[in-house]
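Chain residues, written in single-letter form:
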Amino acid sequence: MRAFRTRAAALAAGCVLVIALGGEALAGRDPIRTVAVPWAAAGPGLPLGADALGRDVLARVLAGGRELTLLALAAAAAACALGVAGGLWAGWSRSRAVRTVTALSDLLLVLPLLLVAMLAVVVLPGPSAVVAGTVLGGAPLTLRVVADATAQARHAGYVEVALARGERGLSVLCREVLPAHAGLIGADLGQRTVLAVQLTAALNVLGFGPPPPAPDWAAMLRENLPGIGLNPAALLAPAVALALLAGTVAGLSHVLAARP
Amino acid sequence: MSGRAAGQAVNGRAPDGRAPDGLTVSGLTVTGPDGAPVVRDLDLSAARGEVLALTGPSGAGKTTVLRAVLGALPPGLTRAAGRVEWDRAPLSATRHWRRRHVGYLGQDPSSALHPLLTARAAVLEPLRALGLPRAERPARAERMLAEVGLEPAEFAGRLPHQLSGGQAQRVALARALAADPDLLILDEPTSALDPAALATAVALIRRRRAEGRSVTLVVSHDGSVVTGLADRITRLGAPPAPSAPAAPVGAVRPADRITRLGAPPAPSAPAAPVGAVRPAAAGPADAVLAADGLSLDRPDGAPLLGGVRMTVAPGEFVAVLGPSGCGKSTLLRALAGLCPVRAGRATLLGEPLPWPVRDRSVRALRALALVGQDPLAALNPARPVAAALRRPLRLLRGLDRAAASAEAERLLAAVGLPADTAHRRPAALSGGQRQRVALARALAAGPALLLADEITAALDAEAAERVLDLLDGLRRDTGLAVLAVTHDEAVAARADRVLRIDHCTINDRRKTTDVR
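Note that the protein sequences, when read in sequence, are chains A and B.
Each residue of the first sequence is one higher than the one before, starting from 780 at the first, in this note's numbering.
Each residue of the second sequence is one higher than the one before, starting from 158 at the first, in this note's numbering.
The reader is advised that the hints may include incorrect statements.
[What the hints assert, rightly or not] Listing some non-contacts, in silico: residues in chain B with all C-beta distances to chain A over 12 angstroms:
id	residue
1	G458
2	L533
3	A535
[As the list claims (entries may be wrong)] Here are the computed distance ranges between Cβ atoms for each label pair:
id	chain 1	residue 1	chain 2	residue 2	range
4	A	L893	B	S249	47 to 53 angstroms
5	A	A961	B	D577	20 to 26 angstroms
6	A	L949	B	R558	18 to 24 angstroms
Think of the hints as simulated: they come from the structure by calculation, not from any bench.
The C-beta atom is built at its ideal place from N, Cα and C for all residues, glycine as well.
Whole structure, please, built from the sequences with the hints as guidance.
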């Protein structure tokens, strides 16, 4: 049962990722060419109708997830890696430097994430701003969780035995503590990915994403909102795609975290 | 809802008006992830007022039976057949039933206590389900702590990491007993208790039996506890595992194990063979370990032990006894370099031994091996047994991967575990099996002194005997010395010498009969 759920979750997340990353090549449709009247309803040759400029909605949905997904995955990986490294260090050592770093990361938690992201957008170009926002908003959460788990593992028998056979701190952290908390970290990576997807979408809706006419799920939400009465599919399709991306990744991380 | 019907019968008398007749288990079969039975066709029954004991070799499924009775099998195990009835009604809605009727003491009390709850809060928790007025609960919790022999003024505010293994087990026992449950389930309730605490615990359980209202189910490998308490004893057989037959007891003679353990390392390894780590000097200074003036503090700064003076000679078996909480485990951890030492000097194999473990030479690290108290946390949950055994072999003895794997198999056989254990993770092992893996890991580097903290506490009599035989053989053939913290008389009886911790210091005495 467990193996089945793991496989099902991996399959769902895999399918969504394949479509998000390679949808344009799979579909063979042109996402930029005008093929119909604006907000034409679904019909033969246009399964999801047309958007504000008469472009094929299906083609744009299939092509519009690539950059957003890659960016979100990269940002989540960066935030999680930084948080895990900092958490292992903070949970293990009790030096003054550690206390300073944890205090700074707690300070970041106090600031509203969207405010931090908006500041980052002003200073940095769009993609870097997403990475910076996810790292600043997500890494402190990861750090807290991992630091707490590490501090508890310090007194576990297997860590004491490793120390007693002369392993250095870094070796104990990488060989003993990290594998023992792999499930926790997998779940955390899923959470950070969802956060990164949401942040990327939010910034792209605000127009900091790829410039028009390039297709993008988040930008499509903004472009097609006025035509909701004429062709709701133009708005719903990218929204469902965003939800599926976040949901399947979160589901996979959940299943992985529950493994014994 | 069927849960409601069952609940009525559970709460009151049996439907036909006869006296409620406790717990009945019939035809219980539990299967593992691969469909192989872990427990096969088991029948149990215990009327109210009875104490039923489950015994059997480690890995026979004792804990699994308890979990199946509770309706809380861990993932991977399924109840394939059988009925569990309480007062003649089949159990359903087990979570509510457990909350209202069951007191459970798990196998590993130091892991079972919540790390952020004080002893008082842990005992208060079941009282809430009982519906006791809020104001009366703290007094009742403190009375329970006093009954298990823990002075509330001193212990009620302590967190689990401030308790010794035996004290943690008594807190867990107080928690299990606090709500005076109809069904008390005790999994190795006395594994970490010293004789005085053991007597208190046994008296408490006897008193419950005399009241005649409640059912008690005990798993223990301590023969005297079982015979002293139980009305009936059910013995579980060896696990039916055709793919991995456990080596029959006695099939591996101690001598064979030694020659196998002591096999010279692969040619690539420059390290000396096992047992070659010998004292440099001869004569009276020939001790493996000598400590003088050793003083230890509690984490809060209060003195724990002072002026400890001790020597351990090669091949010697020294038992450390003392009431729980007196600093036995801390002494071993200090010798292993894991906790700060206020004062004192030590020499190991004739060389000065620095206290912090990071200042110690590879020779000193190889020569000292620690086996910890808590078999649940002793092994990394993420790593298979083989990986845990290979690491010290590669790090301290310099074996290559293939040689380390072969040596790991020999070590497993030496502690009496089947070869397929190597691929399992700790979650798939019983408490006794984990303890033996931890011992095999400690012996891997070929130590001159084994620091053993309650190594037989999780083992049944047979397995404990095997482990002690193995240690005896190693002592004879390689000069391994053993410093063992224990409360188990069988272990103390084998010791050459007994160190008693009384009043913050150690009395070193030749072996006496006055072990209790």
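Tested hints:
Here B:G458 stays apart from chain A, with its beta-carbon at least about 17 angstroms from theirs, past the 12 angstroms limit. Taking the minimum C-beta to C-beta distance to chain A, about 8 angstroms, the non-interface status of B:L533 is violated against the 12 angstroms cut. With a minimum CB-CB distance of about 4 angstroms to chain A, B:A535 fails to clear the 12 angstroms threshold, and the non-interface call is violated. Checked against the given bound of 47 to 53 angstroms, the beta carbons of A:L893 and B:S249, roughly 49 angstroms apart, stay inside it.
Restraint check, A:A961 to B:D577: a C-beta distance of roughly 24 angstroms satisfies the suggested window 20 to 26 angstroms. Between A:L949 and B:R558 the beta carbons are some 22 angstroms apart, a value that agrees with the proposed interval 18 to 24 angstroms.
In this structure, the earlier hints numbered 2, 3 are contradicted, and the remaining ones agree with it.
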